[in-house]
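Here the numbering used here is used: the first residue of the first sequence is 30, the next is one more, and so on.
No wet-lab data here; the hints were simulated from the structure. Any given hint could turn out to be false.
As the list claims (entries may be wrong) - Below, in silico cross-link-like pairs of lysine to aspartate or glutamate (DMTMM-like), each with a Cα-Cα straight-line distance of 20 Å or less:
no.: 1; residue 1: Lys325; residue 2: Glu342
no.: 2; residue 1: Lys245; residue 2: Asp255
no.: 3; residue 1: Lys279; residue 2: Asp403
no.: 4; residue 1: Lys94; residue 2: Glu110
no.: 5; residue 1: Lys199; residue 2: Asp403
no.: 6; residue 1: Lys49; residue 2: Glu224
no.: 7; residue 1: Lys87; residue 2: Glu120
no.: 8; residue 1: Lys49; residue 2: Glu126
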Amino acid sequence: MLTLKYITENSEEVIVRLKKKNFDGATIIAQVVERDVLRKSTQTQLDNTSSEMNKLSKEIGLLFKQGKHAEASTAKERTAELKESVKVFDEKLSAIEQKLNELLVLIPNLPHASVPEGKHAEDNLVERSGGVMPTLPADAVPHWDLAKKYDLIDFELGVKISGAGFPVYKGKGARLQRALINFFLDSAREAGYLEIQPPYVVNAASGYGTGQLPDKEGQMYHCTIDDLYLIPTAEVPVTNIYRDVILDEKELPIKNTAYSACFRREAGSYGKDVRGLNRLHQFDKVEIVQIQHPDKSYESLNEMVNYVQTLVEKLELPWRILRLCGGDMGFTSAMTFDFEVYSAAQQRWLEVSSVSNFESYQANRLKCRFKGSDKKTQLCHTLNGSALALPRIVAALLENNQTPEGIRVPKALIPYMGMEIID
RNA sequence: GGAGAGGUGCUCGAGUGGUUGAAGAGGUACGCCUGGAAAGCGUAUAUACGGUGUGGAAUCGUAUCGAGAGUUCGAAUCUCUUCCUCUCCGCCA
């Protein structure tokens, strides 16, 4: 969330900038500002009353020590009223703070100045693109047919065991998964990321820390008996490592990578583009996360985008990078680049990565701060990106590389696959 | 799952109702000392919010001793709830 201080001190600017995200913030910002004034005055009242109370208590203690029991009893009587006031102010303050917090989580992050205007995905700008569009044989088929032909993925079996959206990878299909995961992890490590193996279920505090809760509760699988959530991305557990942490400036940037299975309920997204591997309830992904100094977070964003680009290039897929417009960006992001690869048989661009700078929006919730040489504590900037999500990469690899002899394995993957062709 | 012990500052560790935001030690930072270093000496070393205030120097107040609630004029210290850790037993990959 945005910091209360920033909102109250720059309320006009905040309202203007939020417009780019198609968010009309005038009313809610006004409510925040109003309640903040109330918060401050209530806090002052509470502090003053508590202060009096503390003073009086000390006096009573002193009187008792001196054996002046009568005077102590008289003093005690005076505390009753104060005590009541403290209680009233305290409850009032808590109520105000709770309401303020409820308002704050409804306000999205401010888009960076370079984020283009726009309302929908069609307004995103193509930043750059590369790779060679494949020329497919006349009888080319989409990946779900190829998966069946070479017995790589069994969607029906997944339905039997779990339900739609839980495919079973078999044989060379399973091996391809493992090859991609290892390729992505090794590449990330070589790029300076520390490999992490996080838990796949998280508590509510973690879900709240990265913003999945409370707004996106319905999108996560919830184990109610233990009140734990299946992670929708490794971003959640990895970023929460740094919840309630004050880092030393010298530790920045922190670069972590993690493979995890990802679980998404995808409630309400049935019917559209869900065939094959395009949209799943469980999928595999390698994530990269950075915690960075605010002055350098856009350098890091750039670095991360360039890094992801090397991955799609090594996989020899046609790719393009989109600079998301204000209306298509995530709630918590200040700037996002999406990566898409072309899936030739479906003749569609598939999103395979989303790289974002959250600036201090996420860090404010997480209370992830750093202390510099000036001894001042301030919020870090957090960034993350997929590097990469597997299913759509697999879809594009299968479709684009289909030949009469089988599926050609890109050079970079051959050592991981142990074969040049899937047949 | 059963029985017991415990959760205090960057770390260790004292503290069982009254100037305890918290002894002591270690670590770290700065200063002194030294040709340099060690030792030694001195100083500093949490966070959040609020008030006064300045070139975001200071200074005061409030809250925080796992978390939440309670008892009390007053709680790190007592009570309850909850989470977590450790030991023993049971079960098990």
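Against the structure, the hints:
1. Between Lys325 and Glu342, the direct Cα distance comes to roughly 26 Å. Violation of the 20 Å bound is thereby established for this hinted pair.
2. For the hint linking Lys245 to Asp255, the alpha-carbon distance of about 19 Å falls within 20 Å, and the restraint holds.
3. Pair hint Lys279 plus Asp403 holds up; C-alpha atoms about 12 Å apart against a cutoff of 20 Å.
4. In summary, the hint linking Lys94 to Glu110 is not supported, as the alpha carbons are separated by about 24 Å, beyond the 20 Å threshold.
5. With a C-alpha separation of about 56 Å, the suggested pair Lys199 and Asp403 falls outside the 20 Å cut-off, and the hint is violated.
6. Among the hinted pairs, Lys49 with Glu224 is inconsistent with the structure: their alpha-carbon atoms are about 36 Å apart, more than 20 Å.
7. Distance restraint check for Lys87 and Glu120: the Cα-Cα separation of roughly 24 Å exceeds the 20 Å cut-off, and the hinted pair is therefore not satisfied.
8. Only pairs whose Cα atoms come within 20 Å are accepted, and Lys49 paired with Glu126 is rejected, the gap being roughly 28 Å.
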